[in-house]
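Student: What follows is the residue order along each chain.
There are 2 protein chains.
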Amino acid sequence: MGDFTRVGREKMKITVPTLLVDKKKAIENIKFMSEKAKRHKLIFRPHLKTPQSVQAAKWYKEIGVNKATVSSFRMAEYFAGEGWDDITVAFPVNVLEIDRINSLAEKINLNILFTSHEAVSLLSEKLKFPIGFFIKIDTGMRRSGIEPDNFKMIDDVLNEANRNNKLIFKGFLAHYGHTYKAKSTEEIKSIHEKSLLELKRLKDNYKRNFPDIIVSVGDTPSCSLMDNFDGADEIRPGNFIFYDLQQWRNGSCSLDKIAVAMACPVVAKNEERKEIVIYGGGVHFSKDSFVMENGVTAFGYIVNLNESGWDLPDKKSYVSSLSQEHGIIKASDELFCKAKIGDVVGVLPAHSCMTVNCMGRFHTLEGEELSVMQN
Amino acid sequence: MGDFTRVGREKMKITVPTLLVDKKKAIENIKFMSEKAKRHKLIFRPHLKTPQSVQAAKWYKEIGVNKATVSSFRMAEYFAGEGWDDITVAFPVNVLEIDRINSLAEKINLNILFTSHEAVSLLSEKLKFPIGFFIKIDTGMRRSGIEPDNFKMIDDVLNEANRNNKLIFKGFLAHYGHTYKAKSTEEIKSIHEKSLLELKRLKDNYKRNFPDIIVSVGDTPSCSLMDNFDGADEIRPGNFIFYDLQQWRNGSCSLDKIAVAMACPVVAKNEERKEIVIYGGGVHFSKDSFVMENGVTAFGYIVNLNESGWDLPDKKSYVSSLSQEHGIIKASDELFCKAKIGDVVGVLPAHSCMTVNCMGRFHTLEGEELSVMQN
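Those protein sequences? They're chains A and B, same order as listed.
Residues 24 to 398 (the numbering used here) are what the first sequence spells out, left to right.
Residues 24 to 398 (the numbering used here) are what the second sequence spells out, left to right.
There could be a bad hint or two in this list.
The list makes no distinction among identical chains, and a pair is therefore deemed to hold if it is satisfied within one copy or across any two copies.
[Unchecked claim] Only pairs whose alpha carbons sit at most 16 angstroms apart, straight line, appear in this in silico EDC-like list of lysine to aspartate or glutamate:
#1 LYS297 <-> GLU170
#2 LYS223 <-> GLU170
#3 LYS361 <-> GLU141
#4 LYS36 <-> ASP122
#5 LYS90 <-> ASP108
#6 LYS175 <-> GLU295
#7 LYS338 <-> ASP356
#8 LYS36 <-> GLU389
#9 LYS90 <-> GLU100
#10 LYS363 <-> GLU141
#11 LYS61 <-> ASP250
#12 LYS175 <-> GLU294
These are calculated hints, taken from the structure and not from any lab test.
Just chain A, with the same shape it has in the complex (with noise of 0.2 angstroms):
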């Protein structure tokens, strides 16, 4: 069996699908967005979903950072019990969890997002403790929140809260993801650019009567790319610590930047296909793809493990399918030819927060097992 069973000089023996850190490179990755938010004077919330585990969430302690994002109240709960005390959840507040809003709010500084006066109603009804909110306003993706000109949805939503003064107004908060999709960093700039002015007016609105509100934005293309935050007092953006192939392809990362790899297991070939079986499918990666630059639809990028990590990679082998634990390579001829049965390749994935998720733990270069909150 080929050298390519171990990484991180032998202290590690891969037998199945791994999911490798560079912890390294992770690191670097949140001081580069920690000094970008410094230099712009924004508060830095980084949205913890992508890593998802308590252990890599100290990487941003260790730098000073003491505020978080999250995606559900189970997710602020699990990190609630490692010490972080001020997490906002980011996603239209789902009422019927009252229960555990409200040990969350006893506990810590907890923020949760309103799109309707019907969810503040239901939920003021069963408050105990007192709790920030954030309107969510929808800029543009039209998935979730108000739009910025509907001043009378808005009105609605603070008229409600302000029957009870254990809701606290904090500002407007957007997820403008649909930069995820953009074509060009042009294109992210006039998604962030249009967003701001947006918020930065509505802010301006309603700051005489809420003179401490913020704005709050923070999709990792626009954080990455971006140089003018005017408008924003804080970003939140997740998916930057490890990156991945989908943000590379939209400009917002380099290939070197990408902190994450799959080690996949060989266990067949195909010689007349030039196709190369690996243990490594669905339930590993999520079915998450990217568009490579030829325009067809891929789910990783072959790279070959070596002792300190990974390669870049060549581009010219790909996964070019997945099924429940089935990969299956695209693979060049010198690929094709170098892999042997029992060697074991590098995958850098599609989409980092899926994999993760997925994966339910992963591994430094170095051999340290990351726990991730369990499903």
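Using the hints provided, position chain B relative to the given structure of chain A.
Tutor: Just chain B now, kept in the frame of chain A:
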């Protein structure tokens, strides 16, 4: 908050995305397939990757099933720990897991799959206990396996295996899963019959030297729809226990046979787009999709949850997109008017196997929680 928040006669209060299983339907699906196997004198070796649950696996045991198929050695260990002692790992053998293979082969009747003489040779070196093996044949899916006319490769496997008397040749195994994408029952029939003919020829060719070999097949579409299994000795379908919308679309089941539905809280509504935002995204459903009758891709149909389970979908409301935690429903006027924030709606999933894997647990309508093998 609506009545929807409680299902199963008040036994279960749903507050977060919850995978419901209609145990009665699941058991009926199992009985249907088991009886079909008996009628055709086929060994029934269901694929347990769909429920991935030792508790649900008991439903098979209770009607006398004692042979299983799984998709990884880890899954084999999981079921072996609960008394399953005759397991086929239907995946090209991953030789790196030799320690696990030896430990399993010591305890249970374990069958593995070979697709090349290289894998035989690598495994053979370190194998300590007798093990059964099938040669995986590719009858047209083009994922893995040896093509049925490639006698050279088959003989290479057999010759290599012949050098180790712990390796017991069990026969030929195929998974013609391209039936999943078939557009008609005729197309499924054509794939099924062509595959069986090829496999039967292989068996006839080798049975002089190996009189006990069998032919093992079994994707859910063929097993559900076909009535001629001449040439097959064993079937290994998995998905049929729960079915899903992908199977419904290829004609393998009617909508009333689908035995799982995700209960999802309603968190927001958009009047203009007639969209409902649910708590329920890619981390719950996976991102597998199906194509509706009008050619549009969707991630699930909406169903009304009722006291004894769920109504059939009217197919007018569907999940149009999924992000990590959000699902967006394109709602009929009726559903849009009726569904309120704080309600719970049901969603029939596109691909039940992946959904079960994402969720990590499910609940019967009687409120019993069933665990799923953890990642």
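Student: All hints are to be evaluated individually against the structure, with a verdict given for each.
Tutor: Each hint tested on the structure:
1. LYS297 <-> GLU170: Only across copies: LYS297 and GLU170 sit 15 angstroms apart there, 50 angstroms inside one copy, limit 16 angstroms.
2. LYS223 <-> GLU170: Result: close within a single copy only, 14 angstroms intra versus 63 angstroms inter.
3. LYS361 <-> GLU141: For LYS361 and GLU141, only the inter-copy Cα distance (14 angstroms) is at most 16 angstroms; the intra-copy one is 61 angstroms.
4. LYS36 <-> ASP122: between (44 angstroms within a copy, 12 angstroms between copies)
5. LYS90 <-> ASP108: For LYS90 and ASP108, the Cα distance is within 16 angstroms only inside one copy (7 angstroms; across copies 51 angstroms).
6. LYS175 <-> GLU295: Between copies only: 15 angstroms across, 64 angstroms inside.
7. LYS338 <-> ASP356: For LYS338 and ASP356, the Cα distance is within 16 angstroms only inside one copy (13 angstroms; across copies 47 angstroms).
8. LYS36 <-> GLU389: within (12 angstroms within a copy, 44 angstroms between copies)
9. LYS90 <-> GLU100: within (14 angstroms within a copy, 41 angstroms between copies)
10. LYS363 <-> GLU141: Answer is between: at 9 angstroms across copies they meet the 16 angstroms cutoff, but 60 angstroms inside does not.
11. LYS61 <-> ASP250: within (12 angstroms within a copy, 69 angstroms between copies)
12. LYS175 <-> GLU294: between (64 angstroms within a copy, 14 angstroms between copies)
Against the hints set out earlier in the document, no violation occurs for any number.
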